[in-house]
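S.K.: This is what each chain is made of:
Number of protein chains: 2
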Amino acid sequence: MNNHSVKNSVECWDCFELRLKGPNSGNPYVDITWNVTFHHESREVKVMGFYAGREEYAARFMPDEIGEWTYETSSDCIELNGVTGSFTCTASSSGNHGPVRVTHDERFAYADSTPYHPFGTTAYAWIHQPEELYTATLQTLKNNVFNKIRMCLLPKNYSFNAQEPELYPFEGAPQEGFDTSRFNPAFWDHLDRCIEALLKLGIEADIILFHPYDKGRWGFDVMGSKADDLYLRYAIARLSAYRNIWWAMANEYDFMKEMTMSDWDRLISIASNEDPHQHLLSIHNGTGMYEPGSIFMYDHTRPEITHCSIQHWDVTLVTEWRKQYGKPVIVDECGYEGNLPQRWGNLSAGEMTHRVWESFARGGYTTHGETYLHPQDEIWWAKGGALFGCSKDQIGFLRDIVDKAPNGLRPFSIPRDAPMMGIENEYYLYYYGQHQPGYREFELREDKEFIVDWIDTHKMTITTLETTYQGTCRIPLPGRPYFALRIRCKEE
Amino acid sequence: MNNHSVKNSVECWDCFELRLKGPNSGNPYVDITWNVTFHHESREVKVMGFYAGREEYAARFMPDEIGEWTYETSSDCIELNGVTGSFTCTASSSGNHGPVRVTHDERFAYADSTPYHPFGTTAYAWIHQPEELYTATLQTLKNNVFNKIRMCLLPKNYSFNAQEPELYPFEGAPQEGFDTSRFNPAFWDHLDRCIEALLKLGIEADIILFHPYDKGRWGFDVMGSKADDLYLRYAIARLSAYRNIWWAMANEYDFMKEMTMSDWDRLISIASNEDPHQHLLSIHNGTGMYEPGSIFMYDHTRPEITHCSIQHWDVTLVTEWRKQYGKPVIVDECGYEGNLPQRWGNLSAGEMTHRVWESFARGGYTTHGETYLHPQDEIWWAKGGALFGCSKDQIGFLRDIVDKAPNGLRPFSIPRDAPMMGIENEYYLYYYGQHQPGYREFELREDKEFIVDWIDTHKMTITTLETTYQGTCRIPLPGRPYFALRIRCKEE
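Keeping their order, the protein sequence lines are chains R and Z.
Residue numbers for the first sequence follow our numbering, beginning at 1 and rising by one.
Residue numbers for the second sequence follow our numbering, beginning at 493 and rising by one.
Note that these hints are calculated values from the structure, not bench results.
Be aware that one or more of the hints could be misleading.
[Claimed, not checked] Looking from chain Z toward chain R, a few residues come up when the C-beta cut is under 7 Å (computed): (1) P833; (2) R835; (3) E843.
[What the hints assert, rightly or not] Just so you have them, the derived chain Z footprint on chain R, three or more residues with Cβ under 8 Å: (4) 343-355; (5) 415-429; (6) 435-443; (7) 478-484.
Heads up, the beta-carbon is just placed ideally off N, CA and C, and yes, glycines get one too.
Same shape as in the complex, but just chain R (with noise of 0.2 Å):
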């Protein structure tokens, strides 16, 4: 039997790791399969190991039920199969909320039920960069309010960021080419590295697999089918065990010319069919953004996809999106705060953080991204570092409000009238955007009673007015753009 030493307890979606030490002859990444089984109870799963590089192969796991586990291997390599052991599920510390799901109600919410709300950004490279720039973002990420990043695991090659990167997914280099049938251990140690970081800040991680980015330069956007294929089961059965997955299966897939729809959908199934912790599964659209009428967005009907992962400038059709799709909605690109020349990079903070309450205020969410120009060209949205723009904060200070409402927020859809999030009797938060209403009439309940909060959205500011207010009622507002308000039934 296979000498192997694994922690004997781990506590609930926490990751469960078996490393074994194994062959290293051939490609161990095509040669040998190797799988784990899992028992607790009657519940029985089945994930996929892999080769970590330095002849040893490991299989991760994330319980999700506090108790006893047993497992046992199975391989077509001797020294691989039938390892057998067990260990301790203890209960999750605090913190630890487990991975996010979406809720029959279609929002999104932990494992352990407290309600999730993306307030997401995106560096797209991050993990690409040196060490310096590496511990920077994260500083940086620690010192904000997001709780999603929107990040690529190939390298990435576009405006403002054009440097090699220190790692790469597959064996090889530029100059000779890529073995993308052999993974490079190093690069994916980094990458636990980098997931684990973002776990302990309390990040999701989503994780965007494919992209068009490459334009001939390493060929990661055109290997083909079974490398495709070969490279997402890597992925998955190397990082479906951290808690903090989120699987972005293309940004701006329509923008690889070289796949088809059916590469996609095979592609889709595969992470959905083979995940063993399921994790959420979206796809990211690019084209059609110009063109209204033409939105060209993959069918987010289909099963496999968790929620919506959209880009568009015009973050109103969150409303609709949700009705025509039934899921939740992220605008996960609807331009970043900063300046540059192009369009798409340079949003005033004021707008981006108002794409973000009108989305939130319509039941879904837009992604933050921050792209001034930088003398080393070190753009947040690209490669991380510092943030510059007012917007975080903006963002920050709704999110305060949003983690100090009451569970349950709904988005009410009323004709004609501003977006409003809230439950029923209980709590409002209407936003008005480029609006400025002098009042607005309100049908409250006669028996309760209402404070009534003007925040203004832009300068960070809460004012609570002195009287509350009860049935039906007139309530005064500012008469100022950019403004959000708050009713909420005074506790007895």
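Here the structure of chain R is known, so what remains is to put chain Z in place on it, guided by the hints.
M.R.: Chain Z alone, transformed into the frame defined by chain R:
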């Protein structure tokens, strides 16, 4: 022969009126038909006469060619039949450019080819207000830059607009009911006076003939097709000779539930076929505003419709509508600057101005309106009176820029760039809106020198850069929102 005295000289595009005494028996609005045919060289134009009250029959004609015109009346009433005469049409005086037309290249221009850019405003029921308010409205128009006003012919019963008008277009009164086959001369005389006052101020009167804001009060929205046709023909006979008339067949036509689409088709055909002066003709939508993808508009491709008069809050769609309909586009309702509780009436000044600039830069136009709460409900958008907001001045600032631009501005469609109006190699006006690029790259002509201005569309300042530019160049921009960039070829 009927005694009549008429002017023997009228300037081009002014109103020539022939007025004859005639019988008042029966219903002179219905029982008597009379027409006048005007001749100039090989031209022949037939106009409908109308009963003007006080036993007077009038016929009005707007000559459009300099020289001698003759006329001859024909009628089933002997006193109105066979009257002949002549007058001289003289050159138009300065400030009289004739009626506005649509040019072959889908722009607006006056009949003398002077470009016309609509900077419209809205005061639906201003003609129905007491004398003092009427005078205040004209004073406000005189002090501002608007060159078009949207106004209802029929009185309006709506929020902030509930008083009885002093005069009704038809004989009768609210208590006793109205006879829609008889017109009220006092009302129509007042209307003449209103249109003449606008004419003096150089303002086009965009006359809304039908609207749904009656709601059972006077019944003018449910008169039946016979009365509708009679009313329309009377309006044409009476008003068409004013060069500043535009026909807006209806406001929010689709909110008039008693009318069918074939009613609208018929009315539009009458206006198009029977208006001897062929004024601009549009119809304005109401429905479909709150459901993306379900925009419900009249078929603006119909040849009778000269331009699109659209209600929509998203003025970026101007680009699409221009393409779709091949006609000038005016977004006649996109919301109004104000602080009403109603969503359509509480845009910030900055947002109103933004929509005017955005649509202009896309080759269309957005109409101003103002809806600030007022102690006596004297809200500009309804009754006229005074303006209190800031967008009027910001729109005036744009108009000044446009007036100083060379003739021949066209919208350029630049994928993924800011919208721009310009003339190749001569003049470019880019509008950046919520976008705030730090610089932009341009390919200007090598052999010309270009002057660059930063235009702050909100603060109404123009900053001319010290450097001039030519060839491939990088032009710095202020990196703040709501700026426009003007690039002008330096004159040698």
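S.K.: Taking 8 Å as the Cβ threshold, is the statement that the stretch 435-443 of chain R is covered by chain Z upheld or broken by the three-residue rule?
M.R.: holds (count 7)
S.K.: How does the stretch 478-484 of chain R fare against chain Z when you require at least three residues with a CB closer than 8 Å, holds or violated?
M.R.: Contact hint for the stretch 478-484 of chain R vs chain Z: holds, 3 residues under 8 Å.
S.K.: Are there three or more residues in the stretch 415-429 of chain R whose C-beta lies within less than 8 Å of some C-beta in chain Z?
M.R.: Three-residue rule met by the stretch 415-429 of chain R, so holds; n is 4.
S.K.: Regarding the hint that Z:P833 lies at the interface with chain R, is the smallest CB-CB distance below 7 Å?
M.R.: With a closest approach of 5 Å, the Z:P833 hint holds.
S.K.: Identify whether the interface hint at Z:R835 stands, where standing means a beta carbon of chain R within less than 7 Å of its own.
M.R.: 5 Å, holds
S.K.: For the stretch 343-355 of chain R, do at least 3 residues have a Cβ located nearer than 8 Å to some Cβ of chain Z?
M.R.: With 7 residues close enough to chain Z, the hint holds.
S.K.: Are Z:E843 and chain R close enough, Cβ to Cβ, to be under 7 Å, as the hint says?
M.R.: 4 Å, holds
In this structure, every one of the numbered hints holds.
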